[in-house]
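Undergrad: Taken in order, these protein sequences are the chains called A and B. Position in the first sequence (first residue = 1) + 15 = the working numbering. Position in the second sequence (first residue = 1) + 22 = the working numbering.
Simulated from the structure, these hints should not be mistaken for lab results. Remember, predicted model here, so these are calculated numbers, not experimental data. Some hints here could point you the wrong way.
As the list claims (entries may be wrong) - List of simulated lysine-lysine pairs, DSS-like, C-alpha gap at most 27 angstroms: (1) A:Lys-225 <-> A:Lys-97; (2) A:Lys-218 <-> B:Lys-98; (3) A:Lys-416 <-> B:Lys-102; (4) A:Lys-239 <-> B:Lys-69; (5) B:Lys-98 <-> A:Lys-249; (6) A:Lys-249 <-> A:Lys-285; (7) A:Lys-502 <-> A:Lys-164; (8) A:Lys-97 <-> A:Lys-69; (9) A:Lys-69 <-> A:Lys-528; (10) B:Lys-98 <-> A:Lys-646; (11) A:Lys-448 <-> B:Lys-52; (12) B:Lys-98 <-> A:Lys-352; (13) A:Lys-239 <-> B:Lys-98; (14) B:Lys-69 <-> A:Lys-448; (15) B:Lys-102 <-> A:Lys-18; (16) B:Lys-52 <-> A:Lys-239; (17) A:Lys-645 <-> B:Lys-98; (18) A:Lys-646 <-> A:Lys-616; (19) A:Lys-524 <-> A:Lys-164; (20) A:Lys-69 <-> A:Lys-217; (21) A:Lys-507 <-> B:Lys-102; (22) B:Lys-69 <-> A:Lys-502; (23) A:Lys-225 <-> A:Lys-62; (24) B:Lys-52 <-> A:Lys-310; (25) B:Lys-52 <-> A:Lys-296; (26) B:Lys-102 <-> A:Lys-502; (27) A:Lys-218 <-> B:Lys-102; (28) A:Lys-217 <-> A:Lys-207; (29) A:Lys-225 <-> A:Lys-207; (30) B:Lys-52 <-> A:Lys-249.
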Amino acid sequence: MDKCIYVGLAGNPNVGKSVIFNHLTGLNQVIGNWPGKTVERAEGLFKHGDWNIKIVDLPGIYSLSSYTQEEIVTREFIAFEKPDIIVNVVDASNLERNLFLTIQLMELRMPMILVVNQIDYARSNGMDINTNLLQSLTGLPVIPAIATKGVGTGEIVEKIVELYTASSSGISMNSKNRLFPGCLDYGPEVNKAVSEVSNILKKYESPLLKDYGPLWISLKLIEKDSEVTDRVLKENAGSEIISCVNNEVSVLESAFSQSSFTIVSSARYKIAETLIKNTLKLLEKRKSYADSIDKIALDSVWGYISLIVLMMGVFFAIFKSGEYLSSYLDGLFQNLKPLIHNLNMSAFWEDIVWNGAIQGIISVVTIVLPYILPFYILLSVAENSGYLARIAFLTDSLMHKIGLHGKAIIPIMMGYGCNVPAVLGTKILGSDKEVTVASFLATLVPCSARTVIILGTIGVFMGPQYAVLIYIFDILVIYLASLAANKVIPGKSYDLIMELPGYRMPALKPTLKQIWFRIKDFIYVAMPVVIGGSLLLELLKSFDLLKYFTVITDPVIVKWLGLPSLVGIVLVFGILRKELTLIMLLEMYNTTVIANILTPKQMIVFGVVTLLYIPCVSTIVALGRTIGRKKSALVIVADTIMAVLIGGIINLII
Amino acid sequence: MKKDDVQSINLINVPENSSVEILQITGGYKSMQRLNDMGLFPGTQIKILRKGIMHGPVQLAVRNSQIVLGYGIASKIFVKPIERSSSENG
Chain A
16 MDKCIYVGLA GNPNVGKSVI FNHLTGLNQV IGNWPGKTVE RAEGLFKHGD
66 WNIKIVDLPG IYSLSSYTQE EIVTREFIAF EKPDIIVNVV DASNLERNLF
116 LTIQLMELRM PMILVVNQID YARSNGMDIN TNLLQSLTGL PVIPAIATKG
166 VGTGEIVEKI VELYTASSSG ISMNSKNRLF PGCLDYGPEV NKAVSEVSNI
216 LKKYESPLLK DYGPLWISLK LIEKDSEVTD RVLKENAGSE IISCVNNEVS
266 VLESAFSQSS FTIVSSARYK IAETLIKNTL KLLEKRKSYA DSIDKIALDS
316 VWGYISLIVL MMGVFFAIFK SGEYLSSYLD GLFQNLKPLI HNLNMSAFWE
366 DIVWNGAIQG IISVVTIVLP YILPFYILLS VAENSGYLAR IAFLTDSLMH
416 KIGLHGKAII PIMMGYGCNV PAVLGTKILG SDKEVTVASF LATLVPCSAR
466 TVIILGTIGV FMGPQYAVLI YIFDILVIYL ASLAANKVIP GKSYDLIMEL
516 PGYRMPALKP TLKQIWFRIK DFIYVAMPVV IGGSLLLELL KSFDLLKYFT
566 VITDPVIVKW LGLPSLVGIV LVFGILRKEL TLIMLLEMYN TTVIANILTP
616 KQMIVFGVVT LLYIPCVSTI VALGRTIGRK KSALVIVADT IMAVLIGGII
666 NLII
Chain B
23 MKKDDVQSIN LINVPENSSV EILQITGGYK SMQRLNDMGL FPGTQIKILR
73 KGIMHGPVQL AVRNSQIVLG YGIASKIFVK PIERSSSENG
């Protein structure tokens, strides 16, 4: 029988956990050089010899306090799913802050491995880390790694097995009986308080001791962690325990004249400082190129200019290369047409096969893929370079006006790729209000599917400058909508606190892999939907069923928006996937030239309506998971009202 | 309380490129907790690298790395200047 080891991968945001996870499991977890990608945990399984290793990639966190959803997720995971081993990944170039979390994980007394990642990047920034010394000081196995190059990942697997065998046979790395392991010395006052609290917990046999261990629970109680305190209060001797805790807390607080939380956190940072002082050697300080780039990228004038120039550059790069690829592929596929016509089928079947299936595939390959491909390449580069965090810096004060802060720009920017990760990514924001507002905004960001529609219609037939205008108009709409949302949605917003990652040259292999997985995902998910939708449409057309539907939609679509009647049908299909609106419209008229169907004015109305109306099914599911059903329904209604209202007004005035 | 100290300056009034030591962090429990988690305490030495325009965020160096604080939360931190002798100490 195969033996199974359950591993949790924990660490600060943006330290390379997902890269390590992908490396070990062969799966594709989203990676990128900005904090907060893994908002839902990802699970993977791999084999090593006789061992089945199940590994969970936990969201990146700075601390085990209960400030964010991610921190609570990690805490619950450790307490209730009881992984056999924790692999704590730390960023070598930012060791001190990373060790702050390591110390808290050590407090849980779990078998743990410390992976010091990006050791090459740290070295090139003049930081030399003595990992052997770190190992003997912490009592944890320490593995230096360069995850993007696969350095150290083999050792991680071997260590997991080794540690598991050792800990399950009772030979533990650090003796479990001592209250304070190895280097954990919080100073005499805190140490004493911890001993008192853990004694009383033991005396009343608090069940929490088993879940989290005495040290962690005692510290959390002293920090006045509301979650842990509430759970203790529900126990039989809860009030006695808490009154003992309160005693200790007041002694501490009067001695330091600070809150107990600050006292404990500060003690943890002191431990981290001591570890750093011994293990980190700062080589001669070179002027880092990040500082030189930031001189421009974060400048109060040049920063904004370069942001706009970059965005425009990205836009035109996507448009031009998409246009070129599209016409090239279209030429290739036109040669296919005679082949089908020579098959001698009845007109009915020829319609179904050609218009339904083949045309669907051709549309995806010649209209959608050419724009999505360069888009994904540029998105991956932007994501991995570290520039997104700079955009957060530049836009922070603007975002405050709509009840958000700069960090919200990151998931919103990701929305240009796909709204689904954008909506899920809003969880990196602190409060419910921020998450709700940002999710709403994310649904209004033109994802790659809608970019295809705008570029493929307005861009190609009216000129790219009109497409740019649509984008700018959309940003205005988003801004105004969020001003309103900020007023309507109750709750408070927090302020920006963000780590500024260094610039990285995106590593070639992981980036290519990331692009490939996104494209693959698109082909696997979108193709069947597009082909299925096309077939269904052909059938409806053959049996002449469409007219019953358009009767209902005509008042809005034809009278108010001034669009052809059949647009009503494609908008319904578009809820499955937004590309379908364009693809199906073309199919219904048996053409690949949108200018034969829509006038320029209609293209603009069509573009704006598809941009703003009901989000696609996948986004709706993501919304439901992020902000709940009721709020999701409101977002959908708001999106639809805006689409119809704005579309109609444009129809009236131009 | 040290807030009344003659030397106490609000972080947002500190000029760019100057090194300071945190004296006090005011404001609610949550913001205190978040700043603490990022390694900012009374006594911590930091360097202000850049300030954004129009009440933009503050970019600062602390503990060998860089973080960005929004204007609002930065204004809750009071600091005093330090002599440029023993920096790189935390």
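Undergrad: Work down the list of hints and note, for each, if the structure agrees.
TA: Going through the hints against the structure:
no.	hint	result
1	A:Lys-225 <-> A:Lys-97	holds, 11 angstroms
2	A:Lys-218 <-> B:Lys-98	violated, 42 angstroms
3	A:Lys-416 <-> B:Lys-102	violated, 31 angstroms
4	A:Lys-239 <-> B:Lys-69	violated, 31 angstroms
5	B:Lys-98 <-> A:Lys-249	violated, 36 angstroms
6	A:Lys-249 <-> A:Lys-285	violated, 34 angstroms
7	A:Lys-502 <-> A:Lys-164	violated, 48 angstroms
8	A:Lys-97 <-> A:Lys-69	holds, 12 angstroms
9	A:Lys-69 <-> A:Lys-528	holds, 22 angstroms
10	B:Lys-98 <-> A:Lys-646	violated, 33 angstroms
11	A:Lys-448 <-> B:Lys-52	holds, 16 angstroms
12	B:Lys-98 <-> A:Lys-352	violated, 69 angstroms
13	A:Lys-239 <-> B:Lys-98	holds, 22 angstroms
14	B:Lys-69 <-> A:Lys-448	violated, 32 angstroms
15	B:Lys-102 <-> A:Lys-18	violated, 58 angstroms
16	B:Lys-52 <-> A:Lys-239	holds, 12 angstroms
17	A:Lys-645 <-> B:Lys-98	violated, 36 angstroms
18	A:Lys-646 <-> A:Lys-616	violated, 34 angstroms
19	A:Lys-524 <-> A:Lys-164	holds, 8 angstroms
20	A:Lys-69 <-> A:Lys-217	violated, 33 angstroms
21	A:Lys-507 <-> B:Lys-102	violated, 31 angstroms
22	B:Lys-69 <-> A:Lys-502	violated, 36 angstroms
23	A:Lys-225 <-> A:Lys-62	violated, 30 angstroms
24	B:Lys-52 <-> A:Lys-310	violated, 32 angstroms
25	B:Lys-52 <-> A:Lys-296	violated, 34 angstroms
26	B:Lys-102 <-> A:Lys-502	violated, 38 angstroms
27	A:Lys-218 <-> B:Lys-102	violated, 47 angstroms
28	A:Lys-217 <-> A:Lys-207	holds, 15 angstroms
29	A:Lys-225 <-> A:Lys-207	holds, 21 angstroms
30	B:Lys-52 <-> A:Lys-249	holds, 24 angstroms
Hints 2, 3, 4, 5, 6, 7, 10, 12, 14, 15, 17, 18, 20, 21, 22, 23, 24, 25, 26, 27 from the earlier list are contradicted by this structure; the remaining hints agree with it.
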